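Here is how the chains run, residue by residue.
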Amino acid sequence: MLDHMKKIKVAIIDYGAGNMLSVKRAVEACDAIGICTADPVIIEKADRIILPGVGAFSSAMNALNNLKLVDSIQKIASNGKPLLGICLGMQLLFDESEEFGLTTGLKILPGRIVKIPISRKNGKLLKIPHIGWSRLESYPDASWKNTILEDNNIGDEFYFVHSFIAEASNRSHVLAYTQYEDVIINSVVRSDNVTGCQFHPEKSGTLGIKILNQFVSHG
Amino acid sequence: MSQGTNFRLIARLDIKGNNVIKGVNLEGLRVVGSPIELAYKYYQQGVDELLFMDCVASLYGRNQLTQIISDAANNIFIPITVGGGIRSVSDVNAALRAGADKVAINTAAVLNPSLLLEVSKYFGSQCLVLSVEAKQVGLRNWEVYTDNGREPSGMDVITWVKQAVELGIGEILLTSIDYEGTRKGFDLDLIKAVSEVVAVPVIASGGMGKKEDIISVSKENFADAAAMADILHYNRNTLAEIRDYAILANINVRSYEKN
Numbered sequence: 001m002l003d004h005m006k007k008i009k010v011a012i013i014d015y016g017a018g019n020m021l022s023v024k025r026a027v028e029a030c031d032a033i034g035i036c037t038a039d040p041v042i043i044e045k046a047d048r049i050i051l052p053g054v055g056a057f058s059s060a061m062n063a064l065n066n067l068k069l070v071d072s073i074q075k076i077a078s079n080g081k082p083l084l085g086i087c088l089g090m091q092l093l094f095d096e097s098e099e100f101g102l103t104t105g106l107k108i109l110p111g112r113i114v115k116i117p118i119s120r121k122n123g124k125l126l127k128i129p130h131i132g133w134s135r136l137e138s139y140p141d142a143s144w145k146n147t148i149l150e151d152n153n154i155g156d157e158f159y160f161v162h163s164f165i166a167e168a169s170n171r172s173h174v175l176a177y178t179q180y181e182d183v184i185i186n187s188v189v190r191s192d193n194v195t196g197c198q199f200h201p202e203k204s205g206t207l208g209i210k211i212l213n214q215f216v217s218h219g
Numbered sequence: 001m002s003q004g005t006n007f008r009l010i011a012r013l014d015i016k017g018n019n020v021i022k023g024v025n026l027e028g029l030r031v032v033g034s035p036i037e038l039a040y041k042y043y044q045q046g047v048d049e050l051l052f053m054d055c056v057a058s059l060y061g062r063n064q065l066t067q068i069i070s071d072a073a074n075n076i077f078i079p080i081t082v083g084g085g086i087r088s089v090s091d092v093n094a095a096l097r098a099g100a101d102k103v104a105i106n107t108a109a110v111l112n113p114s115l116l117l118e119v120s121k122y123f124g125s126q127c128l129v130l131s132v133e134a135k136q137v138g139l140r141n142w143e144v145y146t147d148n149g150r151e152p153s154g155m156d157v158i159t160w161v162k163q164a165v166e167l168g169i170g171e172i173l174l175t176s177i178d179y180e181g182t183r184k185g186f187d188l189d190l191i192k193a194v195s196e197v198v199a200v201p202v203i204a205s206g207g208m209g210k211k212e213d214i215i216s217v218s219k220e221n222f223a224d225a226a227a228m229a230d231i232l233h234y235n236r237n238t239l240a241e242i243r244d245y246a247i248l249a250n251i252n253v254r255s256y257e258k259n
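Protein sequence lines correspond, in order, to chains X and B. 1 is the number of the first residue of the first sequence in this note's numbering; add one for each residue after it. 1 is the number of the first residue of the second sequence in this note's numbering; add one for each residue after it.
These aren't lab readings, by the way, just hints derived from the structure by calculation. All of these numbers come straight from a predicted model, not from anything done at the bench. Just to be clear, a hint being listed does not mean it is correct.
Stated by the list, open to error - Taking lysine-lysine pairs in the BS3-like style, the calculated list, with each CA pair at most 25 Å apart, reads:
1. X/Lys145 to X/Lys81
2. X/Lys9 to X/Lys45
3. B/Lys192 to B/Lys135
4. X/Lys115 to X/Lys9
5. B/Lys219 to B/Lys135
6. B/Lys184 to B/Lys219
7. B/Lys192 to X/Lys68
8. X/Lys75 to X/Lys45
9. B/Lys162 to X/Lys121
10. X/Lys115 to B/Lys184
11. B/Lys192 to X/Lys124
12. B/Lys162 to X/Lys115
13. X/Lys68 to X/Lys107
14. B/Lys219 to X/Lys121
15. B/Lys184 to B/Lys135
16. X/Lys45 to X/Lys107
17. X/Lys124 to B/Lys162
18. X/Lys68 to X/Lys121
19. B/Lys135 to B/Lys210
20. B/Lys162 to B/Lys121
21. X/Lys124 to B/Lys219
22. X/Lys6 to X/Lys45
23. X/Lys68 to X/Lys81
24. B/Lys192 to X/Lys121
25. B/Lys162 to B/Lys219
26. X/Lys7 to X/Lys81
27. B/Lys162 to B/Lys135
Just chain B, same shape as in the assembly (with noise of 0.2 Å):
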């Protein structure tokens, strides 16, 4: 974590429809809530971003989310990330149209590296995340997978996300497969893994099933942010616990205050 700047909590709401869903592993989708609402309510509570994914986006070959960001964005006054069925840079112009500040690309990327140099070039590294799905295949090998954590690429992810910031992404959303879900924990050998191989922010994601999870992920220089879903959507922990026990804990978050 850098001083200076604050380890970011995130909420991510993964997307099917019009619903704010949440599986185990990636698999078994439950819906959670309405987005608009959700995302409101986190933005309320403090929250410093919110990631949308649409989860079933590469696999219809089709993207709902541009009405509900539009929506979410009207009184909604910090980063937005969407992800999900990003192909081209006419997608990223239409999800920045909509109100995101950033566009998370992995199953495009993956089957046309290019694609990431063509956005960089275009809307610039700030924008551009790399949501990199990643499951465990050795003891210190994790494997790209795409379309949502289904399909298996070959691809290995120290490889893949050096390559990517040589092509100009700003930023890495680091999902475990193994761990999404879970509520174990994050997987921290993954991030560390990934973490000293690249030098630009990563968000771990995956498997923060309770607010001291937040300590090791943060603490021992691993990522800059964590994306949290299960904790928020079922209300094991608020935002509020999780923010104050950061605190407590040393950790460098945004001191929000409810206005």
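Pulled out of the complex, with its shape left as it was, chain X reads as follows (with noise of 0.2 Å):
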């Protein structure tokens, strides 16, 4: 085929954890292929990267340790390719993490994973996990132009379900955040090449499909 035809491949990184495929089947219906994988040698040859995930951040830490694919992530968000992390994904590219006593993170963002704070209204308890449909905010001074929320707007709902938060130490790494009750989330990070988001956009529906289409297609 000519070159210009040539899909944009997606390494998704397979660290065992969680819903790959969903992801998978998601790029490619942004018409890029999708390629779930351990292999450091695929990940670093492919036009993006995605770190995704579900499930417990030592774990998860443990696994990419295991797999030696920590080095391999960290070249790639130093050497300016496109990283996008899902949900766990966006939370094990910050420092470190409180689940279960202090695990270290991928160390590319600056920041720590807290658990969602314990807070009552009317004396009844904030529900943990957030689990469900939330709006995106943005502060005043964020753009989201040439960032994957570039086709989004202000107000549009994603699907959420997490029991830990970032906290960024740079808030001008902060593209969009969310509020639950009295808790605000950083729902969106992003630091050059490299993206996090809290939220599943392979399971947000349409809006969601914007947000991987357009890092399949500008990074």
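Combine the two chains into a complex, taking the hints into account.
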């Protein structure tokens, strides 16, 4: 086939946690090729990298360490290739997590993962995990141009399911936030070629597919 | 219901073999259509989640759902929960690998509660839904049933949900056997009783017969989601009608617009 018809190859890092297949299908709905793999060579050769993930931070880091993928992911981040972390995959990008003691993360983005604080409203406990469709909001100084959110709007709703949140040390890394009762969730973070979203774009209907389309086409 | 997160509208597909079926009080099952066609229809109509329940899996010790999920998940991009016949970590893994995001476990967890701990440790609480089939046995008492409402367990619903939360479940699918398929609205006493003792989301299931039923179950802080079957399968109300009605009633639902 002609070169310009070549499809974008998206490596979806398979470290044994969760829903790679959903991510692969969603990527393919964006007319890209999704490859679920744990092979560093294939990962480094791909045009785009997605770090998916559900489950526990520490077991995910253990798996990435055992598969010797930590270096590859850090290399991709510093080489400028588009990298997208989804849900736990986003959380892994940060320095460390408070889940089960303190676990070191990929240290690509400065900040820490903490448990959603327990709070009450009218005597009723805040439900944890935070599960459901919630709106994206934005700080006035955060521009969505040339980011995965370029085609989306403030107020768009996405599917969240998580018990931990990312505290980004650098506010300028926060592209979008989401309010869950009194809790502010950093829902999309970005630093150059590295983006993370706390919600699941692959499970958020057409608005989520828009995000993945943007990632596939522009990184 | 929580501010900032929507009350979820979930379509529940009870599966027998290759068909979606529907009964009354989980009995007297009738075929209503093809799971893949119905799932896609509800997805296109803007349902927030899909729930596939294999309602004979526990009885026969098998699970035919994997292939159906795998086919359905090809062009459906919302959360999918699978229940019925999930007995082990490897069953959970197979469901997730087929395209499910969460699994709902009832019978196997009642027989062996430590399965919940095992699954939540391995895959995380976010993918573990406790399915509870509850039958009223007293003024404020409900008994846990297993095998799709066929077998009494002798366990108290309130005691069981508290124990299950300790074991790491992330959500509760609460089905009232008494109200299921009756179209008389949700069992509010049951839902309130459970909701008051747990801090995980509760999905109310059983009894939604008309769009108005959504109000009491969501507004009075009872449930976080409603599972709907009969009302959708028989086109009593479409999802759009239910959603529009909910918005008019100031219920915080997803503002879905068809693209």
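Now the hints, each set against the structure:
1. X/Lys145 to X/Lys81: At roughly 18 Å apart (the allowed maximum being 25 Å), X/Lys81 and X/Lys145 satisfy the hint.
2. X/Lys9 to X/Lys45: holds (9 Å)
3. B/Lys192 to B/Lys135: Holds, at roughly 15 Å.
4. X/Lys115 to X/Lys9: violated (34 Å)
5. B/Lys219 to B/Lys135: Since the Cα atoms of B/Lys219 and B/Lys135 sit roughly 24 Å apart, the hinted pair holds (cutoff 25 Å).
6. B/Lys184 to B/Lys219: Answer holds: B/Lys184 to B/Lys219 is near 18 Å, not above 25 Å.
7. B/Lys192 to X/Lys68: Answer violated: B/Lys192 to X/Lys68 is near 49 Å, above 25 Å.
8. X/Lys75 to X/Lys45: Given that 25 Å is the threshold and the Cα spacing comes to 12 Å, the pair holds.
9. B/Lys162 to X/Lys121: holds (21 Å)
10. X/Lys115 to B/Lys184: violated (40 Å)
11. B/Lys192 to X/Lys124: Roughly 12 Å between the alpha carbons, so the hint for B/Lys192 and X/Lys124 holds.
12. B/Lys162 to X/Lys115: Satisfied, since the Cα-Cα distance of roughly 21 Å is no more than 25 Å.
13. X/Lys68 to X/Lys107: holds (15 Å)
14. B/Lys219 to X/Lys121: Holds, because 15 Å separates the two Cα atoms, which is no more than 25 Å.
15. B/Lys184 to B/Lys135: Roughly 16 Å separates the two Cα atoms, so the pair holds.
16. X/Lys45 to X/Lys107: holds (22 Å)
17. X/Lys124 to B/Lys162: It holds: about 16 Å lies between the C-alpha atoms, which stays within 25 Å.
18. X/Lys68 to X/Lys121: Distance of about 45 Å is beyond 25 Å: violated.
19. B/Lys135 to B/Lys210: It holds: about 22 Å lies between the C-alpha atoms, which stays within 25 Å.
20. B/Lys162 to B/Lys121: holds (18 Å)
21. X/Lys124 to B/Lys219: Holds. X/Lys124 to B/Lys219 sits at ~14 Å (cutoff 25 Å).
22. X/Lys6 to X/Lys45: The hint holds at about 15 Å.
23. X/Lys68 to X/Lys81: Holds: X/Lys68 and X/Lys81 sit about 19 Å apart, inside 25 Å.
24. B/Lys192 to X/Lys121: Roughly 16 Å separates the two Cα atoms, so the pair holds.
25. B/Lys162 to B/Lys219: holds (23 Å)
26. X/Lys7 to X/Lys81: holds (16 Å)
27. B/Lys162 to B/Lys135: holds (17 Å)
Going through the hint list in order, the structure does not satisfy hints 4, 7, 10, 18.
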